[in-house]
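Number of protein chains: 2
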Amino acid sequence: MQQRAKDTRLSVIEGAGRVFAEVGYGNASLTDITKRAGVTKGALYFHFTSKRELALAVIEEQHAIVLAAGSEIAASEAPALDRLMGLCRMFGQQLLDEPVVQGGIRLTFEASAFDADVSGPYQDWINTAEQLLLEAAMDGTVRADVDSAAFARYLVASFTGVQMVSDVLTSREDLMLRIEQMWQFMLPVLRPAATS
Amino acid sequence: MQQRAKDTRLSVIEGAGRVFAEVGYGNASLTDITKRAGVTKGALYFHFTSKRELALAVIEEQHAIVLAAGSEIAASEAPALDRLMGLCRMFGQQLLDEPVVQGGIRLTFEASAFDADVSGPYQDWINTAEQLLLEAAMDGTVRADVDSAAFARYLVASFTGVQMVSDVLTSREDLMLRIEQMWQFMLPVLRPAATS
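Going down the list, the protein sequences come from chains D and C.
First residue of the first sequence? That's 1 in the numbering used here, and the numbers climb one at a time after it.
First residue of the second sequence? That's 1 in the numbering used here, and the numbers climb one at a time after it.
Just so you know, these hints were derived from the structure itself, not from any lab.
Warning: the hint list may mix true and false statements.
Which copy is meant is left open, so a pair is good if it fits within one copy or across any two.
The calculated lysine to any residue pairs, modelled on SDA-like cross-linking and capped at a C-alpha distance of 20 Å, are [claimed, not checked]: (1) Lys41 - Gly140; (2) Lys51 - Ala5; (3) Lys35 - Glu53; (4) Lys51 - Phe114; (5) Lys41 - Glu180; (6) Lys51 - Ser112; (7) Lys6 - Leu134; (8) Lys51 - Ala75; (9) Lys51 - Asp167; (10) Lys6 - Ala116; (11) Lys6 - Ala193; (12) Lys51 - Val23; (13) Lys41 - Ala5.
Because the structure is a prediction, the values reported are computed rather than measured.
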């Protein structure tokens with residue numbers, strides 16, 4: 001794709017992310033999205049043939065944004081458990097700052113409305129968390145008898161709920177505090193007895 | 001309201017719960033709901049003037065069903081921490097067995113689509129959990145220094161995420177297992193040092 005076409009496509013996705021974040025899938029119109037993106041309907045239809053296709057692209061772009069921000073943290077020199085905590089904070093901050101991430105997560109919760117399979121992103125995060133927990137068990141910051149697959153699943157599920165309930169009760173105002181509290185309640189069960 | 005009118009209203013809510021559970025708010029039609037409920041359109045419109053009103057009634061009925069099942073557990077003679085764990089299992093079982101509960105929870109996640117404030121049910125469960133945690137701290141099964149307000153919020157958020165991710169990844173097939181694992185990861189931080 002030429003750079004100009006790529007730029008237009010990204011503008012459409014960003015506009016769509018903002019509209020989906022604000023009004024959800026059912027209430028979003030392609031007219032609103034072209035206005036928000038500053039593109040013509042022709043330009044939008046050149047890249048996307050339906051609202052559903054656009055919603056899937058926003059979810060994909062959201063996951064790509066968070067993965068890109070996460071890959072730096074995941075590849076850093078910090079201990080694995082610190083990287084895992086850093087990933088959660090980063091995701092929380094993206095939910096506060098990035099309209100495409102806000103839109104993508106809202107669409108993920110509404111995914112059955114447009115018959116989308118959103119298991120992939122959840123599974124990616126569960127795999128990443130399990131890998132980091134295994135590393136942490138090797139470097140001794142996590143006890144060796146923790147079931148890393150089960151804990152990774154629990155962590156991703158808890159994080160999902162923490163950000164959703166923070167959104168419902170405080171419009172995410174207390175999100176970063178609730179993520180820290182989540183870790184306060186999780187760390188004692190992970191840490192080896194001597195340091196807990 | 002006369003008993004017959006009450007029965008009809010409940011039939012409509014049950015039919016609506018099934019339809020919302022299966023296709024979500026956006027895709028549900030009042031025609032499908034009347035068919036599923038086995039009532040006429042006239043009977044439906046006698047009780048509900050819009051899909052939104054019906055969705056709010058399903059959420060309300062869902063919360064009432066789970067609260068009713070929960071009140072027995074909450075009032076039992078069992079230790080407070082056991083009652084709290086029992087409430088989570090009961091809610092999980094209702095999500096597996098009760099179409100109105102399935103519909104109400106799906107609508108709760110989609111609530112922004114029809115501009116509904118769903119903070120009430122979350123707040124009710126957070127308050128119930130906090131009360132039981134305070135009781136458990138008094139009877140010595142939970143350590144006295146646990147921040148019960150913060151933990152109650154964390155528990156409700158985690159439970160919300162656990163059931164949502166179980167739905168996305170396994171259509172709730174592993175829900176009861178994931179609820180047990182949640183408690184395995186939570187209990188060590190709650191239990192007094194001597195018994196952990």
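> Of the numbered hints stated previously, which ones are contradicted by the structure, given in increasing order?
Replying inline: 1, 5, 7, 8, 9, 10, 11
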